[in-house]
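> Sequence:
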Amino acid sequence: MKIIKNLTRQIAILATVFSVGLLATGCESLGGTGGKSVEELTSAANSGDPNASLKLADRFFKQKNYVESEKWYQKAAEQFKTK
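First residue of the sequence shown: 15, per our numbering; consecutive thereafter.
Fair warning: there could be bad hints in the mix.
Only pairs whose alpha carbons sit at most 27 Å apart, straight line, appear in this in silico DSSO-like list of lysine-lysine [stated by the list, open to error]:
1) Lys76 with Lys95
2) Lys76 with Lys89
3) Lys19 with Lys85
4) Lys95 with Lys16
5) Lys76 with Lys19
Calculated from the structure, these hints are not laboratory results.
Build out the structure end to end from the sequences listed, making use of the hints.
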């Protein structure tokens, strides 16, 4: 149980730092999903759209699905680096 609490806390810190970093650099994608479904966002994210990856990560984080959230935050970070 202690490991899960620590992991959850670390993911929350990672998400917060990542979001603040994006805001500081001028990324405007932290808003709504524009009415797009998870399937549409996943398709766009897998096609290389970093904003879609970030929106998926945010959506999963809000649903407390931290494993999927972390996966998409990492993918978004990699995609923003190459953009």
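> None of the hints should be skipped; say for each whether it holds.
Verification of the supplied hints:
For the hint linking lysine 76 to lysine 95, the alpha-carbon distance of about 24 Å falls within 27 Å, and the restraint holds. For the proposed pair lysine 76 and lysine 89, the alpha carbon gap of about 17 Å is at most 27 Å, so the pair holds. Under the criterion of a C-alpha separation no larger than 27 Å, the hint pairing lysine 19 with lysine 85 is consistent with the structure, at around 18 Å. Our distance criterion of 27 Å between C-alpha atoms is broken by lysine 95 and lysine 16, whose separation comes to about 34 Å.
Among the hinted pairs, lysine 76 with lysine 19 is consistent with the structure: their alpha-carbon atoms are about 17 Å apart, no more than 27 Å.
Of the hints listed earlier, the one the structure fails to meet is number 4.
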